[in-house]
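Residue numbers (the numbering used here), protein chains in the order written: chain P, 1 to 302; chain G, 1001 to 1264.
Heads up, some of the hints might be wrong.
Take a look, some chain G residues computed to stay more than 10 Å from chain P by CB distance [unchecked claim]:
| no. | residue |
| --- | --- |
| 1 | 1002 |
| 2 | 1018 |
| 3 | 1020 |
| 4 | 1038 |
| 5 | 1136 |
| 6 | 1143 |
| 7 | 1248 |
What the simulated footprint calls covered on chain P by chain G, stretch by stretch (three residues with Cβ under 8 Å from a Cβ of chain G suffice, anywhere in the stretch; the number is not a length) [what the hints assert, rightly or not]:
| no. | stretch |
| --- | --- |
| 8 | 66-80 |
| 9 | 209-217 |
Simulated from the structure, these hints should not be mistaken for laboratory data.
All residues carry an ideal CB built from backbone N, CA and C; glycine is no exception.
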Amino acid sequence: MPDAVLIAERLTRTFGPRLAVSDLSLTVEAGEVVTLLGPNGAGKTTTMRMMAGLIPPSSGRVILNQTPLTAATTDHARHAVGLLTEAPGLWERLSVRWNLLTYARLQGLRDAGGRVEAALAQVGLSDRADELAGSLSKGLKQRVAIARALIHQPPLLLLDEPTSGLDPASARHTRELIGSLRREGRAVIVSTHNLAEAETLSDRIAILNTTVLALDTPAALRQRLAGLQVVIEVEGDAARWLTALAGVPASALGSRLTLDLDRLDAVPDAVAALAGTGARILSVTPDRRSLEDVYLHLVGAA
Amino acid sequence: MAIARKDAAELSRNPGAILPAVAMVFGALVPAFAVVIGAPMIAGETLARSGEFADEAQAAVGAVPEIAHLSGDALIQAFLFHQFSMLLLLVPVVAAMALATHAVIGEKQARALEPLLATPLTTVELLAAKTLTPLVFSLALSWIAALLYVLGIWLVAEPGVWRTILGLRSLLLFGLLGPLVALVALQLSVIVSSRTADPRSAQQLSSLVILPITIVFVAQLMGAYVLPLAVLLLGAFGCAILNALLLWAGIHVFDRESILMRWK
């Protein structure tokens, strides 16, 4: 996979007797946003920490930009990964610029001052650079933390709940920022509880509960895992047309027939079968299952 | 170095962390001048009129040869100022403890450790940075206190007394034992801070270092002697060994994974 920025192969991590992550595999390419979606304790943060080289996996391996992550190559990870932790973790007595400048120096950047200004511009905080970090709102602190993760221009960004606790405007700004990172060609892994956000933000979603339960595009996840429901409204009592739908799981209520199909192109056949037996069809409405249904189905089953 | 600079900048904006250290300077200086200069002045007496003081000062000449050429009030003042100089050791200790606990617990409270550990900073570098700023600050403060001590003696004591403070003994006390004791306090504070979330509890536990110094000081006063150079050297040697042990423990406590998983 030539464009793979990150390859996680069968990652497993235990803490004493507790299994935090089990057999997790994931590949993320440049310019791709992948969301880790899962309940509390599903192993999202542990997975991100392993990917950032902060903690080693008990088994399995992480390959960052074609370099397998080992004790000897963790320095590589620290230059290749930008990590946004769940809490912004800013030094509140220092200015925004001081905060970022310290990180630019820790990354050994030659033009540390220039990079700080560029990162500030990227998150729209150039005019707040001299304010104390502690005086900023939660949303602005989060932006500073994102600027910090971007300071060394890493090809991979790991964002742990980037919009958690933000007001709608700040959350939207953060999502737009993530979109711009994707356009810049960076690989982004986001962990979130927010299903709507995952759906709008992600190229692919990994539903996680210790291990990857499902990994696909939002549309494919909805369709593949929960199938497709189509509601067909007919004239009169719908129950008498059930026999026309032999082989198709369907139920009738009043004048409505609800069909559970496994793919969208099965709809014309079902409609033709009904029409062929004399049913007068008033409307056909695809009723897609929400991502929430998929999520709850998978996590509940696990 | 970036973290040490950051810590210094944070410290300069945190009067709450610096205040105990600065207060200790006055706490260490005032008793000496109150006892040696203030009390006789209030009583309208001279120290030399107390035969007990005179005998004790004379007996201390063996341990502190710098005062041998003095007599009368000057000899007693010099003897007492040498006794009280032990109190100045508390300045770097208190400063180191106050600043180190804030340096580590401050990071924990700000939840700034995880993003820090995601940088190329090694854990040993982090440990060194967390030690360096408080050490430099506490040593600077202790040398300022020593300077004020000598300056005060020059101003208010008998002529020639201040010169006796500038000997090898003071060099050993402020140049070797002071830094080593401060480093013990610092390392202990950093290690204790890693296991607690409250700066006050860390400082309370680290005050174990203050206790021996206070005991030595009180023992000096009670026994009316001044610790000889050899004992100070032995103390410095003991502190050096203790520092090596604490460094070893500190490196183990500053394990990346422990910091992430257990430093809550």
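The hints, checked one at a time:
1. 1002: violated, 4 Å
2. 1018: holds, 12 Å
3. 1020: Correct as stated: the minimum Cβ-Cβ distance to chain P is 18 Å, above 10 Å.
4. 1038: Label holds. Min Cβ-Cβ 39 Å, cutoff 10 Å.
5. 1136: holds, 18 Å
6. 1143: holds, 26 Å
7. 1248: holds, 20 Å
8. 66-80: This one holds; 3 residues, not fewer than the three required, reach chain G with a Cβ under 8 Å.
9. 209-217: Check failed, 0 qualifying residues.
Taken one by one, the earlier hints fail for this structure at numbers 1 and 9, listed in ascending order.
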